[in-house]
Amino acid sequence: MRYFIQRVLFYAATAWAAITINFFIPRLMPGDPVQSLINRYQGQLSTEAIDSLRVLFGLDNETSLWRQYLDYWGNLFNGDLGTSFTYFPTGVSDIISQSMPWTLTLMGLTTVISFLLGTGLGILAGWRRGSWLDSMLPVTTFFAAIPYFWLGLIAIAVFAVQWQWFPASGGYSNEFVPSWDLDFIGSALYHGVLPGVTIIISSIAGWILGMRNMMVSVTAEDYVLVAQAKGLSERRVMFSYAARNAILPNISNFALSLGFIVGGTLLVEMVFSYPGIGFVLYQGVSAKDYPLMQGVFLFITLAVLAANLVADIVYLLLDPRTRREG
Amino acid sequence: MALQATEAAIASPEAAAPRRDRFRFLRNRKTAIGLGILGVFLLMAIFGEALAPYDPSARSDDLLQSPSWDHPFGTTQTGEDIFSQILVGTRGVLLVGLLAAVIATVLGVLIGVTAGYLGGVGDDVLSSVSNVFLVIPSLPLIIIITSFLPETGDLIIALVIGLTSWAWGARVLRAQTLSLRGRDYVQAARASGESTWRIIVFELLPNLTPVIASGFIGTVIFAVLSEITLAFMGIADISNWNWGTVLFWAQSNQALAQDAWWWFVPAGLCIALLGTALSLINFGIDEFINPRLRSQGRAERSVKMRVGFTPVVRDGRPATGAPRHAAPHGTAPSEPTDPPAVSKGKGNLR
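Protein sequences appear in the order of chains A and B. For the first sequence, the working numbering assigns the number 1 to the initial residue and increments by one for each residue that follows. For the second sequence, the working numbering assigns the number 1001 to the initial residue and increments by one for each residue that follows.
Warning: the hint list may mix true and false statements.
Stated by the list, open to error - If you anchor each label on the Cβ, the simulated ranges turn out as follows: (1) B:GLY1079 / A:LEU182: 48 to 56 Å; (2) B:LEU1042 / A:GLN35: 37 to 45 Å; (3) B:SER1179 / A:GLN35: 51 to 59 Å; (4) B:PRO1206 / A:GLY130: 45 to 53 Å; (5) A:ARG236 / B:ALA1032: 36 to 44 Å; (6) B:ASN1253 / A:GLY186: 30 to 38 Å; (7) B:TRP1197 / A:SER273: 52 to 60 Å.
If you are wondering where the hints come from, they were derived from the structure by calculation, not from laboratory data. By construction, the Cβ of each residue, glycine as well, lies at the ideal position given by its N, Cα and C atoms.
Using the sequences and the hints given, assemble the complete structure.
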């Protein structure tokens, strides 16, 4: 229990740090960014948008920095992340809540598949060290070294442009309206295959390697030797004795690598024009839509923190050593 | 007890043949291949500009040509030579990657070793700061910071990446320093009145070298990928050639729809090759630290491995593998929240 409270406090502190960083980034910018944005948009910005920009960059001199900070928190608690000016007059929080389900589904499914598949292969590779699975390692390393977005580009070139098996972009065909009927879900799944496979291929090497290395360390432990000496079946020793202990660091690693996976997923969404958060971030960045970018960053960070907390709780349930102290 | 076992492990096998073992790191096939590829890229970075057959930004009449003898990687929509763009772009990629990794490693060593060695309140503060940086997703953070900056040259980008990605190294180094701090030789140095800084620089750092090196290379991979991503998204200054810029132009000119595969394939392959080379070097370092991870080595060819059982020596050579099994990482599962120090670099996470 003490461990649990510690973790919750830590994530609360991290969330505070992320929000504060988010508050200060625009204020540390030199010069007058608002003026350059007004020039860039050549009169297409409404006075309301300009006002909100002035507030965002802290250029509105009448209020003190402390006051601005408090206001910022107040807005945040009301779910007000400012107004986007590429999607004017939609609020940033509305845009995020529209694109969030797409990202969560895509990421959730691919992460689970890649974790299960990678860990399974890692168990085998670590158990049968020196087998053909080991010689596969350099191949997966090569795939892991490829940027997600480039693999996505290749996938589009081969499977969408050359062979036209899968659609090149979007999250569903235009003939459907997002709803919960079968046709729409089918179309969404069909559009999700290429991005999903891209993410799985790029992220699986990390799991295989981590699991293999842990398995190699664990198989030399005495209790594995004892289990084998007792004459237990190889399967039982492999899964119930060795893998069961080797998987723990892989789970805590899972939490830490989430941030990287999120980054990769964002890129895959950009390449596939997938209607998720990453694509929104891309549009925000190309249009210099600062409120939108900041909102997306904040949302991604908080989501990663929440996922980390979940991973910690899972760890707490799996590893009795963390419970003993409390 | 774990400490003594580790100490014995480090002392015993090396003592017999210290000279030969110094180069064992290089004899590892993975490391050799990795260093070889990296060397080629380094040469490209140094001489690329001189070797490039064309000016990378010069337009010509050969529009969107597929690869040929004149243009080994083909040309772009405006007739620029892609081979020259890749050659010239290598310097930017390596420069940013190495510079960012140097910044991140120096910060990581300073923060990690200080936290691990000093302990107490200082440790608590420093390790919470690095944990915070570890949990905040770094790529979105880098994207946000750079897109707010008015100027995004190579140096600025290296600085941003370096300042945001030191946390992993600091965490690993802190854990390793903690385990070294209690060793006898450190205690002896302290008892003989050596100053704290002398102990850190001359007693601790040499023993942390493999960990630092592996963290450095992991950060290079991460920095290269982040930098190319920034260029690809059009956030970094697109007038500087690097592989990401090539991909940016390919994407914004619809190279995919025009079936111009040569426009984006070479840049991606270069990134992947560079990343693989660096990962291979890192595997070599990992296996150097933790001999159990070796899958093909001299020792093992003479020893038939049967998982879980004692290695059997076939031709009477001493089984060098056996006593070293107690290397530092063997004890990894006993530290629940810390993953084993080096075996997972940043490269495979991204």
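Verification of the supplied hints:
1. In this structure the supplied range 48 to 56 Å holds for GLY1079 of chain B paired with LEU182 of chain A, their Cβ-Cβ distance being about 50 Å.
2. Taking 37 to 45 Å as the suggested C-beta distance range, the pair LEU1042 of chain B and GLN35 of chain A conforms, at roughly 44 Å.
3. The hinted window of 51 to 59 Å between SER1179 of chain B and GLN35 of chain A holds, with their beta carbons roughly 55 Å apart.
4. For PRO1206 of chain B and GLY130 of chain A, the hinted distance range of 45 to 53 Å is not satisfied, since their beta carbons lie about 33 Å from each other.
5. In this structure, ARG236 of chain A and ALA1032 of chain B meet the distance hint of 36 to 44 Å, their C-beta atoms being roughly 40 Å apart.
6. About 33 Å separates the C-beta atoms of ASN1253 of chain B and GLY186 of chain A, a value consistent with the hinted range of 30 to 38 Å.
7. Between TRP1197 of chain B and SER273 of chain A, the C-beta spacing of about 55 Å keeps the proposed range 52 to 60 Å intact.
Consistency with the previously given hints fails for number 4 only.
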